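Each protein sequence line maps, in turn, to chains G and V. So for the first sequence, this note's numbering puts the first residue at 1; every next one is plus one. So for the second sequence, this note's numbering puts the first residue at 1; every next one is plus one.
No lab work stands behind these hints, which were simulated from the structure alone. Please read all numbers here as calculations on a predicted model, not as lab measurements. Ideal placement from N, C-alpha and C gives every residue a C-beta, glycine not left out. Just so you know, not all the hints are guaranteed correct.
Claimed, not checked - Listed below are several chain V residues computed to face chain G (Cβ distance under 10 Å; list not exhaustive):
#1 L240
#2 L391
#3 S394
Each chain, written out:
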Amino acid sequence: MNQRIGFLLFLIAAVYLYFSFQLPNYPYTPVDADVIPKGLGVLMLILSVALYFSRAKETAEEKKKRDIPTRELLVIAAVFAMIFVYILLFEAIGFVVMTALFIFFSSWFLGYQKWKVNILVSLLFPIVLYVIFVNALGISLPSGILPL
Amino acid sequence: MDAFQGLLAGFQVALSWEGILFVLIGVIVGTLIGMMPGLGPISAIAIMIPITYGMDPAPALVMMAGVYYGAVFGGSTSSILLNAPGISGTVATAFDGYPMAQQGKAGKALAIAAIASFFGGTVSVILLMILAPVLSSVAISFGPPAYFALMLMGLTAISSLSEGSTIKAMISAVAGIMVVTIGIDPQTGTQRFTFGNINLLDGFDFLIIALGLFAIAEVCMLILNRKNLSLSEDQKLGSLKLTKEDLKEMSGPMTRQSMVGFIIGVLPGAGATIASFISYIFEKRIAKNPEEFGKGSIKGLAAPESSNNAATSGAFVPLLSLGIPGSGTTAVMLGAFLVLGVQPGPLLMTDRPEIFWGIIASMYVGNIFLLILNLPLIPYLAKILSIPRPLLISLVIMFSLVGVYSISFNTFDLYMLLIFGALGFAMRIFSFPAPPFILAFILGGMMEQSFRQSMTISNGNLSIFVNSPLPLALIIVSLLSLFVPVFLNWRSKKIASKNTGL
């Protein structure tokens with residue numbers, strides 16, 4: 001596993017280094033804006049090689065952490081997709097409506113059965129948060145389609 | 001202003017009705033978030049930052065400090081009741097706390113934890129009060145090379161002390177600094193790695209990194225464990241009363257381990273987690289009956305509890321006096337300071353004494369609150385552990401999204417939050433520690449700045465870092481902290497192979 005991650009990091013470091021060399025130069029500065037990125041890129045290359053060749057065996061505990069059923073990964077991906085949709089529609093539809101929908105559907109999706117409690121929390125949480133942020137803290141959240 | 005006067009002024013901040021209110025809110029919120037297995041002080045502090053956004057810095061920071069040690073305190077409750085540490089600093093608490101709970105003595109275990117935490121917290125606040133001003137006055141004379149070396153030491157220390165592979169921890173740290181280089185270079189105005197995207201000009205807000213790498217990644221872990229780990233409704237707490245013998249038995253470990261915890265907390269890299277383990281092992285070593293440890297020993301519970309709280313206050317020493325965080329959590333604390341427009345460091349004590357001493361005074365007050373509030377309230381607070389996981393997951397996600405949005409009002413940042421959340425989750429499953437990343441992210445900009453200042457002073461000559469004793473000593477310590485573990489590892493393998501005759 002370390003080999004694969006090491007290889008991936010090596011590629012990332014190489015790309016990063018390539019772009020560091022594209023940075024424009026300014027005369028009269030002892031250390032220009034490109035010096036640190038170049039240094040970091042080289043350091044990352046060295047570390048990725050070290051990881052590739054490191055003989056440290058994965059402990060059983062580490063392996064267990066990595067061993068996640070595909071089904072569970074799909075669940076996480078689905079939650080991420082829901083967050084994505086939330087962000088996409090957040091400003092157009094508004095905070096209260098989107099948040100209520102998100103809490104209800106993601107809780108339900110993750111296996112929460114008591115739908116009455118779920119509806120109550122989904123409605124109360126965004127409304128309370130909206131009132132606190134907008135009225136008490138003076139931070140405006142998008143009201144969207146609701147006439148707030 | 002001398003320390004005594006300063007402290008009086010600090011108590012004026014902490015004991016004003018505003019101060020008391022915010023310390024109270026801080027410790028309660030911190031305790032509640034810290035209790036949730038998986039959610040630690042980093043997420044707790046990050047989630048609270050947007051709330052403080054419009055507040056005065058002094059009460060806001062007092063509240064943040066309350067959130068921090070409240071979270072450490074809350075972590076022990078879930079360790080004892082569920083055997084599921086809320087935070088890594090309370091893993092050792094579960095060793096003896098959970099067996100006690102299983103024997104029907106959960107209430108007693110919680111009371112011991114509360115008193116030991118209070119004691120550890122109080123001792124270390126006193127030490128913090130003595131040590132921080134001394135360090136501040138020394139640090140005023142630090143030049144850029146010393147600062148650079150100091151930050152380097154903090155970074156290498158946390159990398160070498162992280163659990164697991166040192167290489168992986170170093171990769172985390174380097175990646176953290178790489179992320180800082182995105183945006184406009186503050187010194188020359190050059191755009192770095194922005195690829196023409198205006199959203200990237202300012203770089204990433206630290207809240208995106210903190211909430212993504214910790215809160216969202218923790219949410220992913222919670223999703224994986226959503227079915228297990230809930231407090232059963234009928235779990236008995238038992239009496240909270242302690243006998244004189246119990247108190248006598250606790251007193252030794254509490255006194256010793258508060259000191260140990262504080263010292264470990266002050267050191268860069270090591271924090272509550274390492275402190276609690278060392279204290280546990282320490283007490284077991286010197287105990288007359290070490291075989292009781294792990295089966296519900298009072299000493300085994302009191303030791304890590306006083307130590308982890310002492311380490312929490314100890315970690316404020318470098319943060320307040322040098323302006324340099326020594327751990328992932330204090331890095332996020334530093335972020336909270338900066339969001340509120342306060343720069344911690346040697347000048348804080350003279351420029352903003354109300355903040356410097358206010359935080360210290362509020363820790364005294366906060367510790368007392370934690371004790372008197374939590375002892376009677378523990379049975380009720382513990383109810384939060386029975387919040388259904390799916391609901392908890394959805395709410396944490398919402399808090400994180402609203403938090404980031406309320407700082408930048410930009411949905412681009414929300415997408416970035418999602419990306420860093422995915423990165424944080426990947427780091428967890430592949431065992432890359434996240435604290436070096438966040439620490440490097442916070443220190444990266446400062447390190448680059450002090451490095452380039454040093455280079456400007458010396459006209460590009462690197463020898464500036466080795467010509468004066470302080471930077472030289474710090475750089476030697478940094479190098480040692482990286483290579484000593486590697487060497488020890490190599491040696492122990494060699495000895496092992498010799499002994500097996502290979």
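A quick look at each hint next to the structure:
For L240 of chain V, the suggested interface contact is broken, since its CB lies about 30 Å from the closest CB of chain G, more than 10 Å. The interface hint given for L391 of chain V is met, as the beta carbon of that residue sits about 5 Å from the closest beta carbon of chain G, less than 10 Å. Evaluation of the S394 of chain V hint against chain G yields a held restraint, the C-beta minimum of about 4 Å falling below 10 Å.
Of the numbered hints given earlier, the model fails hint 1 alone.
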